[in-house]
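Student: Construct the complete structure from the given sequences, taking the supplied hints into account.
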Amino acid sequence: MPFRRIAFLLLLALLPAARGLSSAQNRQGKPAVPQPPDTLRQERTEDYKTAWATRVLEPPLVDGYPEDSCWALALPVRGFTQRRPDEGENPTEETVVRIVYDNESIYFLFVCYDSEPDKIDARLTPRDNIQSSDNVRIWIDSFFDRRTAFQFAVNPLNVQEDELWTEDTGQDINWNGVWFSSARKLDYGWVAEIGIPFSVLRFGGKPFQTWGLNLSRYIERKKEYNQWRMIPESDSGFFVSRFGMLGGLEGLRTPHRLELLPYGTAQLQDNSVIRNDFTSNAGLDLKYGLNSGVTLDLALNPEFGTVETDEEQLNLSPFPTYYPEKRPFFLEFQDIFRTDMPLVHTRRIGKPLGNVVDPTSTILSGARLVGKTENGLRYGLIEGLTDEEKYYYIDENRSGGFDAGLESPYRKYKDIPLEMRGKATEVYLDPRSNYMVGRLLKEYEDGSSLGLIATGVNRAAGSGRLDIPAQAYTGGIDWDFKFNRTWSFAGQLAGSSVEKPEGGQLEGYGLELKLHKFNGEHFTYGIDYDRYSDRFNVNDLGWLYGNDYGTHNLNTDFQFRDRPHAHGVRSFSVYWRMRRNWTDRTLQPLVGRTLGDRFNPSRELYTNGALSVGDVAVGGELEFMNYWSVSGGARSGFDKEEDPFRASKAQDFIFSYPRTLVCYGNLSNNSSSPFTVNISQNYGSFRDGTRWREGITFRLRPNPRLELSLNAVREKTWDFSDFGAPVKVAGTQVPDEILSLRKTRFNSLIFRTGYALNNKLDFRLFAQYTDFGSRRYQPLLPGPFEFETPRESRSTLGLHFVTRFEYRPGSY
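Per mature numbering (1 follows the signal peptide of the UniProt record, and there is no 0), the sequence shown runs over residues -24 to -1, 1 to 788.
Any given hint might turn out to be false.
[To be verified] In silico BS3-like cross-links for lysine-lysine, where the CA-CA straight-line distance does not exceed 25 Å:
1. 161 <-> 95
2. 25 <-> 182
3. 199 <-> 95
4. 476 <-> 327
[As the list claims (entries may be wrong)] Okay, the calculated beta carbon distance ranges per label pair:
5. 774 <-> 257: 16 to 26 Å
6. 745 <-> 719: 20 to 30 Å
7. 646 <-> 729: 19 to 29 Å
8. 257 <-> 684: 41 to 51 Å
9. 496 <-> 734: 42 to 52 Å
Since the hints were made in silico from the structure, they are not lab data.
Since the model is a prediction, treat every value here as computed from it, not as a measurement.
Don't be surprised by glycine CBs; every beta carbon is placed ideally from N, CA and C.
Tutor: Here it is, written out as structure tokens:
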């Protein structure tokens, strides 16, 4: 098969990179004076900054006090510039940084002077969440490739945050390094000491090195963001490539990196389905650095039970609900496997294929290999193995109503009460499955990139299921070519091949093209084109809402930020979008009828031919001098709107709606306030009904340790629904289902609270109450059968409590 060969060749291409065969790492060099890279030749050289690090024999203690003698040997780094709110102006408060290093680590000292030290904003929050307090940040491009960087940040209470930056502007907040810091408030401001082991960074073996570097300080009460190498807001498509340089590094040794994370869990469940069940588990995560640019991760019997639960959502569309990945093993380094066409959605790994109560299947092992060579070639490999899952079917009649009112009649054997096990029928739902992803991505100095990706899913034979593919493969090429640091031509071409259990293959293709002006002081715009064939299917490991359709979009954005303020407005932005979708599906006629004054869903008669869906949207946002903001917009459909994805199972037709109008609005106050509020409103007006959603979110931070939030959502819709079970009348033919109007309501109340005892120990509580109700009315078409109005109502309450104790860096 062609896609098997693609995956095989891609994996062969990964092997030399995994061994780190880069002759550049063994070349001897001479001391180099840092020079601006060729990609920045359009900038003025005198604006390109260089800082110097000093080698010391005795490193600092990293205790938050700047009295260590080594700091006096370091050259001070000054010259910060405002990026916000007044771009290009001098900071209102002075910041001085010093940099030293020894054989093991590099150290940074931030002295943040403040004329009002009692107003320094500092909060005890979970790791990686310091945006709402004063903080300092370090970005290190240790490969000096102008594309990737490691970010380290702390606030005045020593809460840490770290990120991995890729492809110049991509952020991966899920990356966590093991490093050291200490911060404290003093009479003249606050001080932060940061020690970063070289084992956390990735760099080559040259005896004399130059790294990319940037530094920043944020003052929350002033909303003031200062950078050492200031990157203008208009350079929205660039970040790492605009860094300054760090010189003075010599004699660095590439360290060995090995991290072991054993774990153990215990769980007790007792509810109407799972009766007093106690389970325990243990496993091991391993991270090993094969060389300076290659990292291997292994997970044996991984456990993801500490991940916060998903919020319940109302979904009335014909598509499943999309939930983001939250498991740390799959989140870290996720950016390299991400493409515009979603061929990889790792949430598919470990997700049962049947409608079962248990939300996960057993993952036996996981492996990930990621790396980068000095010439800018990134590569990655993911492998996941899930165990077979046998479930049992409980017949409602045989079990005396055991499953009445529950979502699924399938249970694991251990979850069936003893008195019911004799009435259960074994059903082999999920076969043992192997998931694999391979990726190559070449990055260029001007910000361009070219990549290859291949995925494969192989399921063991013998499951007896004819509704899932035995094998599924995808492969593709993607690119992003940048011109004049202003224009981008990006796209992706992918193919899929699905082999069904009963034999035969389904092969299809997908194409995406984008031409954008992504950089500019005020205007950005672009045009997109997408096309998916009718047999294109990536959903065994990826996520695609539908196929057999095409799209083209035209968009324009205008922003006017941080200019001379007028009428109390600090900044504003507006946008304009136009979209057109089409499909080539064959249609059958559907004649409509009037259903009273409130609803008039006039049905147009369609024959074979192309259908289209289109709309135009406008919107904007205003930010005021007090940092309140208001935004809003509207979207209007063209003369008619077809919905090719909401088609009756009994008849092959497609809905056609008259012109629609959807409006939204949002209001929020200053996010620095102890009490914040956000109000949102969405309204859609259709000739066949209305849909609206309103929500409000309150957040209270009474002290630096405690944060509480409450989110309330109310949603009502009038739409169409397919349902069955009509009452048959003698001598008539009854369809399998009836198309009718449906009225639904969805109310959700989410409460979150977080309390931090210190920067190592915190507690989090998530609680959600939902109330769902649905009522269906008369069918659209008359028929020779009786009709009963079905109702549905359901309420749920979910609680999730998590505590985290990091007793030493990297261990919790």
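Student: Flag every earlier hint the structure violates by its number, smallest first.
Tutor: Violated hint: only 8; rest satisfied.
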